[in-house]
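With the hints as constraints, model all of the structure from the sequences given.
11 is the number of the first residue of the sequence shown in the numbering used here; add one for each residue after it.
In short, the hints are calculated from the structure, not lab data.
Among the hints, erroneous ones may be present.
Claimed, not checked - EDC-like cross-link-like pairs, simulated, lysine to aspartate or glutamate; straight-line CA separation at most 16 Å:
1) Lys184 x Glu164
2) Lys162 x Glu126
3) Lys119 x Glu164
4) Lys118 x Glu164
5) Lys160 x Glu126
6) Lys148 x Glu251
7) Lys150 x Glu251
8) Lys153 x Glu164
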Amino acid sequence: MKFFRFTKLLLLGIAVVMLVKNPEYVALGKEWTFARIKQVSTLLQSSVQTATQQPASQSTTTADSSSESTRWNDTSQSSSASSAETSSATTSAATKSAQKTAQAVWSKKTATVYLEIPNNVSAQYREAWQAAITNWNKYKVFKLVTTTDKNKAEIVLTVENQSNTSMAGVTETKTLFSGLNGSQTLIHATAKLNMYYLDNYSMQRKVNTAEHELGHAMGLSHDDAETSVMQSQGSEYGIQETDVQHLKALYP
Numbered sequence: 011m012k013f014f015r016f017t018k019l020l021l022l023g024i025a026v027v028m029l030v031k032n033p034e035y036v037a038l039g040k041e042w043t044f045a046r047i048k049q050v051s052t053l054l055q056s057s058v059q060t061a062t063q064q065p066a067s068q069s070t071t072t073a074d075s076s077s078e079s080t081r082w083n084d085t086s087q088s089s090s091a092s093s094a095e096t097s098s099a100t101t102s103a104a105t106k107s108a109q110k111t112a113q114a115v116w117s118k119k120t121a122t123v124y125l126e127i128p129n130n131v132s133a134q135y136r137e138a139w140q141a142a143i144t145n146w147n148k149y150k151v152f153k154l155v156t157t158t159d160k161n162k163a164e165i166v167l168t169v170e171n172q173s174n175t176s177m178a179g180v181t182e183t184k185t186l187f188s189g190l191n192g193s194q195t196l197i198h199a200t201a202k203l204n205m206y207y208l209d210n211y212s213m214q215r216k217v218n219t220a221e222h223e224l225g226h227a228m229g230l231s232h233d234d235a236e237t238s239v240m241q242s243q244g245s246e247y248g249i250q251e252t253d254v255q256h257l258k259a260l261y262p
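In structure tokens:
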């Protein structure tokens, strides 16, 4: 600021001397003096602002994305949800079968099963689950072994009474996801028969629904393209040969 004031005084002094020596140029001198003072003042102010202002810098923080080799992933499959299927112009029979399966599979060809049926529930539901286990086991593709210890069970078969859903059955699965190769391994499943609807169904349709949900528990997804126990309606058909082939594609 002192430098700025000194400069203004110096310029004013020069202007006064010039005007005294050349009175005929008073008007011209005034115009010239004020123009130069304004110009110098603008330059000085600009210099001060440039010297005092800090340049703005944009800082970008990049979060480290750490990936573990495995992580827990809870997923659910329901009888009303459609499963996406991929298609190709040239696909082998094994590939077509694999398209009918879920991405997640068990690491082995067997799983322990626990039946959790309350005493106040119709015996038909226990019988339906038992029939479904027997029917899948007879194809000797995936072995379902019943246990009386729920803590040792990998698949829990039970019932529910839900009116706020359109599903006659549902299967909830827990999978282990591998970050190394993108594979998903089933580690637990809970399959439920909805008594709200199935109470009005025939015994055969109860069994069909139980087979359908057990199919999900083993890794099968919906198949509405052909006659299959895995049709999304879930109770029209029992286990078909195509279902067996799809299960074999999962567990060769």
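So, going through the hints one by one against the coordinates:
no.	hint	in the structure
1	Lys184 x Glu164	holds (10 Å)
2	Lys162 x Glu126	holds (13 Å)
3	Lys119 x Glu164	holds (12 Å)
4	Lys118 x Glu164	holds (12 Å)
5	Lys160 x Glu126	holds (8 Å)
6	Lys148 x Glu251	holds (12 Å)
7	Lys150 x Glu251	holds (13 Å)
8	Lys153 x Glu164	holds (12 Å)
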